[in-house]
Every structure is written in C-alpha cells, then in structure tokens.
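Make the full structure from the sequences, and use the hints.
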Amino acid sequence: MTPTPIWRRYARILGPDPAADVKDELSFHLQAKIDDLVTQGWSPDAARHEAERQFGDLRAVQQIGVRIGEKMERRKRLQDYWTDSVQDVRYTFRTLRRDPGFAAISILILALAIGANIAVFSVVNTLLLRPLPFTDSRQLVWIAPRPTACGLSCATYSADAFEEFREQSRVYQGVTGYMAFTTPDNMRLTGRGEPEPATSFEVIGDFFQVLGVRPAMGRLFTQDESRGQHPIALLSNAYWRRQFISDPAIIGKAVELNGTPITIVGVLPDSFDFGAVFSPGAKVDLFTPLDLNLERDWGNIVTLIGRLKPGVTVAQAFDDSNRVAPNIYFNVKYPQTLGRYKGDLIPVSLKDYATGKLRRSLIALWCAVGAILLIAGVNLSNLLLARAVARAKEFAVRGALGASRGRIVRQLLMESLVLSSAGAALGLGLAIMLIMWLAHQGSVALPLLSSLRVDGQALGWTVLIAVFTATIFGLLPGLRIASGNLQEMLKDSGPGAGLGRKHERVRAALVIFEVALACVLLVSAGLLLRSFVKVLDVDLGFQPDRSASIKVDYDDSAPTEEARQAKRGEIFQQIIARLSALPGVEAAGISDYLPLGPNREWDTPVPKGKIFSPGELPDPLVYVITPGFIRALGIHMHGRDFTWADGPHSERVVLINASAARVYWPGEDAVGKILMRDKEEDRVVGVVGDVHEETVEGGTGSQIYYPAMQQGPSGAQLVIRTSLPPATLAASVLHALRELNPKQPSAEFRPIQTIVDRAVSPRRFFMLLVAAFAGLGLLLAALGIYGVISYSVTQQAQAIGIRMALGASVGHVQRQVLAGTLRLALAGMVLGTLVALAVARLISSLLFATSSWDLPTYLGMALALLLVAAISGFIPARRASGVNPMEVLRSN
Amino acid sequence: MNTAKLEFFRGTLDVLILKALVWGPLHGYAITNLIRCQSDDALLLEEGTLYPALWRLENKGLLDAEWGLSENNRKAKFYRLTAAGRRQLRHQVKTWEAYAAAVAKVLAATQPPLPEEIA
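Note that the protein sequences, when read in sequence, are chains D and Y. Reminder that position 641 of the first sequence reads as 641 in the numbering used here, one-by-one numbering, no gaps. If you want the numbering used here, it's the position in the second sequence, counting the first as 1, plus 892.
Do not take every clue at face value.
Claimed, not checked - In silico SDA-like pairs for lysine to any residue, Cα to Cα no more than 25 Å straight-line: (1) Y:K967 / D:L30; (2) Y:K967 / D:A47; (3) D:K23 / Y:K986; (4) Y:K967 / D:V760; (5) D:K283 / D:S246; (6) Y:K952 / D:R77; (7) D:K76 / Y:A975; (8) Y:K986 / Y:D933; (9) D:K71 / Y:A976; (10) Y:K911 / D:L26; (11) D:K71 / Y:G960; (12) Y:K911 / D:I68; (13) D:K283 / D:V760; (14) D:K71 / Y:A957; (15) D:K610 / D:D539; (16) Y:K967 / D:S246; (17) D:K76 / D:V89; (18) Y:K952 / D:E73; (19) D:K283 / D:G343; (20) D:K679 / D:S659; (21) D:K357 / D:S279; (22) D:K23 / Y:A922; (23) D:K76 / Y:G960; (24) D:K76 / Y:A976; (25) Y:K952 / D:V66; (26) Y:K967 / D:K610; (27) Y:K967 / D:P44.
FYI, nobody ran anything at the bench for these hints, they're computed from the structure. Since we're looking at a predicted model, the values are computed, not measured.
Structure, rendered in structure tokens:
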C-alpha cells in the first residue's frame, strides 16, 4: 500500500461522509471485478452485468455500510470531544495554577454560596419535600379544629368523642391518638440508684400500628390495652440505649416508674422520633398505654390521628367528618353535649400539621440562598471577565493558531466548571458540617430537625447547582471574548480600546445587579431582625430572667380528697420555707404548669349574679399554684396573693388575670367578686397581669389561678427567683429537695429564660440564617465593587498619571475614584430598594410587629451598603492617588 | 457438491477475513481473491456479505481501515489487522479447529454409542 495520497487528505474537507465512503469502496470493488473479467475476454457491457450479478443486492449492502459508518463516526466524534475535554481540563489546571490567588478566592466564594445552598436544600427537603418517616405517610391525617386562640385544649377531644369518632367514621383504616397534656420529666424512674426523671407519653393502644411503626424488639401495645390499667411500657430507642445501655434482654424486665413496677414489652426503632413530628424539640423516653376509662371525665385530652383508607382524599375525609360530627357526644353521660364538635373535626395531612407553618419561612430561606448563589455567580462572572480581558491576547493567539471560537468558549466554560466543581466539593463539606451541627440543635423547636442529613437528593442538587453556576458565570465572559475581533485583540489594546470600555460597562451592570440583590437580602434580614427584637421586647407578663424552675416530686396520697389537699399544702409549705431560706433565693413558689407550655381548661366559670349566653364567656387557662409563685415568676398583681391559710376548709379563692377581669366585670375592680363554677363559689382575691400562655407572639386569653391547697394540681414545678445566676444554685436546691424527699429525682434546674428562648428559637433560627446570608451577600457585593473599581484604576493608570502630571491633586483623584464607586452602589441600591419593597410585602407574614415599609431597616441597609461600598472603593482610590506620573508616562 | 453454494457456518467468514489479512493490508476485492485462491477455488465468497462483515469487524476494532491507491492506481479502502484482531484470530482458529475435529469425529463414527453412555 502506498502512503495516503495528498488528495485524500482533503477529500472530506467538509467533514466525514460515511455514505460517500461506502459508495467509493463498493464502486472500486465492481470496477476491479469488471477489469478482471475484461482481461478474461468478456465484453465491457457483459462484464459490468456479470460483476453486478455476482455482487448481489448492492443497495442493501450500501445501506448497511452507511449505518455502520455513521455509528463509527458518532463514536469517533465522542472520543474526540472527550480528548478535547481532557485537554481543556489539563489546560485549565495549568492556568489556574499560574494564578492561585484568583483560584482560591473564586473557589472560596463558590464554596460559601454552594454550601449554603446545599444546607438549606437539605433542610427544605427534610421539612417540606420528603414525606414523613412513616409507611405510606401520605395517608396519615391530623384531626383538629381550626386553630384558635385557645390552644391545645381546643385541639383535643374527649375520650368519648374519640371512641365515637372511631366507630362512626368510614374513611379511616385506623384512628388513634395520644394524651396531649404531658409535661417533660413527668415520670420518675426509681429502683436503679438515684431516681432519674423521664418523659413518658400516654398513647392509645394502636398508636404505633396506625403510624406503621414496627418495634425494634418485643411487641407494641394492643387496642385492648387502652382500657383499664396495664402496667406496661415501650422504650424509645435512644432511652433504651442511654438508660439501659442497650440491654438486649430488656423485654419482660420490670422497672419502677413513680414507684409502680412496670414491665417493658418492647423497644421502638431508632427511626421513630415522636418529638420530631408531634412535639418539636421534646425528647420522649417511654410510652405507656392511655387508659381511656380513667380519662373519660377529664374533658378534652386526646389528639386525633387517622390513617385514611387507600385512595381516600383529605377532602373526602373532611366530608365524612362533617357527617359524623353531629352524632358525637362530648360525654355520653350528658345528652346535652351531643354535637359539641360540629365543625370542629377537620382532617389535615399530618405533614402539613407538622411542618405547614414553616413553609413560608423555608421558602424565604430558599430564595435567600438562591440570591446568594446569583451574587456569587455574578461576582465570579466579573472576576472571569476581568481575567478574560487580561487574557485577550492569549485567546487571540490561540484563535490565530486555529482554535475555533466554540473551542475557546468551551475552554472558558471548562474553567468555570472546574472552579465551580471545586467550590461545590468544598461547599458540600461545609454543608455537611453545618447540617450535622443543626441536627444536634435539640434546643431549636423545629420539627424533624434530628433527621436532617445530606442525602443522595442533596448530592444531586449539588451537581445541579454546580453546573448551573458554572454556566451562568462562565458563559458571559466566554461569549464576550468570542464576539471580540481577534485582530483588534492582537493589537496592543491600550486603555482607550473600545473592547475594554464595553467590558467595563458589562462589569458595571453586573456590579449594580449584585448590589441590588445584596440590598434585597439586607432589607429582608433587617426586617426579620427587627421582628425578632420586637418579639424579645414583648412583655410576657412575667420576668424570665433570674428565675429558674425544677420539677418537684411529692407524695400526697391520702384516703380523701380533703386529706390530700391538706397533706399537699403541708408538703409544699415545707418545701418553700426550706428553699426560701437558701442564700440568694428571693422568692419561691410552685405551679403545676409553666407559661409557654401546653395549656388546659376546666369548666367555664361565670361571675355571680350575671347572665351570659353559652359560648360568650371564654374558657380560661388554668394554673394551680402555691403562695409565692406569682412573685417568683415576677407577675404583676393587684389584690393579695394566696396564703397558706387558704386551705381545704377556708373560703375558696382564685386569682384571675387582667383579660379575664375585663370580660367578667368590665370597668369594675374584680377583687372581692365571686366566680361560680357549677355550685362552687370562688372569691377573686387578686388580679394578675396577662401571661403569654402558649407562644411569645400570640395574644393572651383569660387565665385563672387556683391554690394547690384547694384544687388538684397535675404536678409541681418549683419556681425560684434568685439574685444569683441560677446555675450556681442548682446543687443546693436539689440537695434541699432531697433532704425533704429522698425520692426527688435529679431533675434539671432550668432557667425560665430557656423556656422563652425555646419558644422563640424557630424565629431566632431563621433570623440568624437570613442575617448570615445577608452578611455573605454584602461581603460578596463588596468584593464585586472592589474588583471593578480596582480594575478600572489599573486600566486608567496612564490617564490618572497624566492628570496628576497636569496638576490634579491627590485628593481630586481619590474623590473621583470614590465617586465612581458610590455611583455604582447608588444605582444598585435604587434598583435593590424597589425590588426589596416588593419582596418585603411577600415576607410580611413572617414579620412580627414590623411594617414591611419599616424606615429604620431601609436606612440601615442604605448606610451599611454605602459604608461597605466606600471601603471597597477607598482601597483602589488610595492606589490611584499613589500613581507616580513619571513612571506611568515612562512605561508607555 | 456445488462449491458456489457452499454455505458458510456462522462466524466462519469473520475468521477467514482475519486470516486473509495476516500477511498485510488488503482491500475488499483482494480479500475475495485471496480466499478463493487459497481454498483452490473451493470457497467462493458471496461479495454482498463480505463488505458488511468487514465493516462490522472495523466497528468492533478488530480491523483498521485506511484509504490508499490500488495496484492500478485507483483509490481503495485498505483493511489492516489491529492487535485486537490478531488476538481474535488466534482464538477463533483454536475454536474452529476444535469444532471441526468434533464434527469430523461424529461423522466418522462407525457404530452407535453404548446405551449407558447416552443415559
């Protein structure tokens, strides 16, 4: 074979053509055959005929050839592309190594932006997008009335109503619930060294079956175990591991809870986190079956959770509820309570119940990180553009050597892809750390927080945003370079060159855009911050600082109710006397409920001698307290506090809050008046300030306080007001309690402030995140401004030098550079403020007592931006004024 | 036996093509001639099947193709064995020989097998 002839090299100059190749090959074959036949003596026509006959179906063979040829061509193109890409990557690494400062800064910027995005995506994914961690969780619904001011008491149902609802509903596979009124550390685990506090929830027998939770060990409760007393318990996985050191033989063992032996029948799986879904921020140690018979006369206590039959929608369930509601009694013993839940049995998907309230906050957060990503992208775009101008000659040379424009754009895109991949990898690391930290923030009362993790979906998201960012920040510089004239670039593009000017305009536009975005972020963060400050400023009705509480154990068992009340009074009096004597204690008192917790209501009291229509009077929130509690919590009051003399045999007394007083005796002093509860008369001895009952942000309703010596409290929280930091008192308080009652568990001595902190923790959480993002945005915007100004100073060094040589003062030059900077910043701020006004309206539902037009926020934003812009302009300005006219002039 | 209608067993054509190229690059027409000569005119390739086979082998990477000039100065596509093609040839020759031997053994049998050998 001879070497490839010269014509062949150009035969396919317009690109490969498999069809023509096949045709050439086959016609050569036929021609050779004909030649041979002619040599053998055939006539040319006959020879052609014979050759074609021998070949067979020429067209079919041709078709096969074209198909195979095209396939090979495609593969070859792919291979070429791959080799080119490998080359591009190698080239990219070489260029980046030459400029490590640029690479480091870009990767850092990207890592921060992408990391924030991954972290927020993981949070959004866990809280909003991913289904709840139960089997077929979409079938699960939470059944409750529309949210009203009265909190949990109005969100729960009586034992009778629960059973009737379960009987009569037709759309559910199962209806279950749990006892809503449970306080932390409501149990005492004894018989294993020092008594330990534990939190137990009472659930209806088939609670876990309806949720679709399988035990990790042992068994679950059965439906029948919700009737009558069953001394059994299920352990949460965490408690089993912590308290029982993962004892594999725990099933069937008895433990002592509040002095009663209870048998452990099972351990729940690690994946089941009750608190995460139903009671954010709470840890639950064990579960016991709820005895419905015992609770029958206790009013609204059970929450309703249902599992819909397959294919049933929430809307259908709602219709079914409306059908059933009129036939349900509050208490079957009282016929007049029939139909009391009319319109109050509304199913919503459990997911919406658990996380629906957070939807807006999360979406706002998501938008904030999206803005960060855009700012980072624009910043990078700017940096690359500046570099691209500096590299114009390099590209011109490559172009002259035969690189196509597409190839150069690809090269630039590859650079941005490498940068953004590196940024994404680093950002992923940051996000994983952040998420791990968040998942362990037990003090933030957000649902599902503990199940946060960076999963496959988050990884997919990472890849997506890395590619997206690379495209947005790589494409613009690439296209600008590619559109430039090669020859012009090859010529020495001096400061006056048109291309440089055009670039500068684009860069200025980019900076204005990113300043505007930063401006929107700052305003949003500012508004949220103002709201948070306003929330902290809310007069809670009590003074949380310098107060602390501890759960107190007591034994008031006695044959009669009166004897119990008397005994309880003595015990409490003893405890309070003992603790008040401790140094640093200013006041001490006991209450069965603390503010900002779940609430409860009893029968509706009616002011004596007045007639109200049913439903007109509110059901007040009930506290059962001892003397001293009002002062210990720092509640304002007028009238007198309870005294130890208010015992079982003396006159029944109550305290009411200002709201209740306004309702019962508008315009009058309530002190000394009588409230009727059925036949019972209670004398109001004092009026106290309104205490925020459930949330810091919500309003307050009516509240009523009964003395613990006359009514049955459901536990005892000792509250101490101290002049010392509460932590220093913890040991001596516990010691004193142990002296009085050796069974006192080592419960936590908790500053009341932590309760308030916990209540505002979701707001604090979002506010901090948005503020952090706004800070990041501001930083990036500052970098952007600095980049542009600094670059233009470099470009104009010659002009500046000439002006200075002609007598311009240092101050003049500096002022001019600063003015340029502020012009950019102002343009961005005007644009940003307009957008921010619109955005602020969108987030107005997240604000608390703050208008979306809040002037101080906007002024603060403007000030911060101007300051940052001035600083980022000042550095290049100083450099500009440092230009030595002689050197500049000489160098050119 | 009518040699023109001698049917190729599956895969036979491939191994013949590979073998034909052992001595150096050839174009398609030369391959048909070579096989015909070396089989003493016993094996006549159906030309319509030769080219698809060649392209298939090229696509599999067993052959390399290059355009060149034929003996009488026409442009022709020359095929050459690649390293993978050479390996494949060695392997197929072995398989083919084993196959032929087995077939020959069966056809040369003079008596039925013992009953227990079948069962």
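Each hint tested on the structure:
Between K967 of chain Y and L30 of chain D the CA atoms are separated by roughly 13 Å; this keeps the pair inside 25 Å, and the hint holds. For the hint pairing K967 of chain Y with A47 of chain D, the CA-to-CA distance comes to about 21 Å; that is within 25 Å, so the pair holds. Distance restraint check for K23 of chain D and K986 of chain Y: the Cα-Cα separation of roughly 36 Å exceeds the 25 Å cut-off, and the hinted pair is therefore not satisfied. Restraint check: the Cα-Cα separation between K967 of chain Y and V760 of chain D comes to about 85 Å, which exceeds 25 Å; the hinted pair is violated.
The suggested pairing of K283 of chain D with S246 of chain D holds, with an alpha-carbon distance near 18 Å, which does not exceed 25 Å. The suggested pairing of K952 of chain Y with R77 of chain D holds, with an alpha-carbon distance near 16 Å, which does not exceed 25 Å. Note on K76 of chain D and A975 of chain Y: the hinted pairing holds, with a Cα-Cα distance of about 19 Å set against a maximum of 25 Å. Pair hint K986 of chain Y plus D933 of chain Y holds up; C-alpha atoms about 24 Å apart against a cutoff of 25 Å.
For the proposed pair K71 of chain D and A976 of chain Y, the alpha carbon gap of about 20 Å is at most 25 Å, so the pair holds. Among the hinted pairs, K911 of chain Y with L26 of chain D is consistent with the structure: their alpha-carbon atoms are about 22 Å apart, no more than 25 Å. Straight-line distance between C-alpha atoms of K71 of chain D and G960 of chain Y comes to about 23 Å, which keeps the hinted pair within the 25 Å bound. At most 25 Å may separate the alpha-carbon atoms for a hinted pair to count; K911 of chain Y and I68 of chain D meet this at roughly 22 Å.
Taking the CA atoms of K283 of chain D and V760 of chain D, the gap is near 18 Å; set against the 25 Å cutoff, the hint holds. A C-alpha spacing of about 15 Å is found between K71 of chain D and A957 of chain Y, which places the hinted pair at or below 25 Å, so the restraint holds. For a cut-off of 25 Å, the pair hint linking K610 of chain D to D539 of chain D is broken: about 32 Å separates their Cα positions. Only pairs whose Cα atoms come within 25 Å are accepted, and K967 of chain Y paired with S246 of chain D is rejected, the gap being roughly 82 Å.
With a C-alpha separation of about 20 Å, the suggested pairing of K76 of chain D with V89 of chain D holds against the 25 Å cut-off. At roughly 13 Å between alpha-carbon atoms, K952 of chain Y and E73 of chain D fall within 25 Å of each other, so this suggested pair holds. Of the pairs offered as hints, the one joining K283 of chain D and G343 of chain D is violated, with about 33 Å between alpha carbons and a cut-off of 25 Å exceeded. With a C-alpha separation of about 24 Å, the suggested pair K679 of chain D and S659 of chain D falls inside the 25 Å cut-off, and the hint holds.
Taken as a hint, the K357 of chain D and S279 of chain D pair is honoured in the structure, with Cα atoms around 14 Å apart against an allowance of 25 Å. As the CA atoms of K23 of chain D and A922 of chain Y are separated by approximately 18 Å, the hinted pair is consistent with the 25 Å bound. As the CA atoms of K76 of chain D and G960 of chain Y are separated by approximately 21 Å, the hinted pair is consistent with the 25 Å bound. Distance restraint check for K76 of chain D and A976 of chain Y: the Cα-Cα separation of roughly 18 Å lies within the 25 Å cut-off, and the hinted pair is therefore satisfied.
A hinted pair counts as satisfied when its Cα atoms are at most 25 Å apart, and K952 of chain Y with V66 of chain D qualifies at roughly 16 Å. With a C-alpha separation of about 117 Å, the suggested pairing of K967 of chain Y with K610 of chain D is violated against the 25 Å cut-off. A threshold of 25 Å between alpha carbons decides the hint, and for K967 of chain Y with P44 of chain D the separation of about 21 Å falls inside it, so the pair holds.
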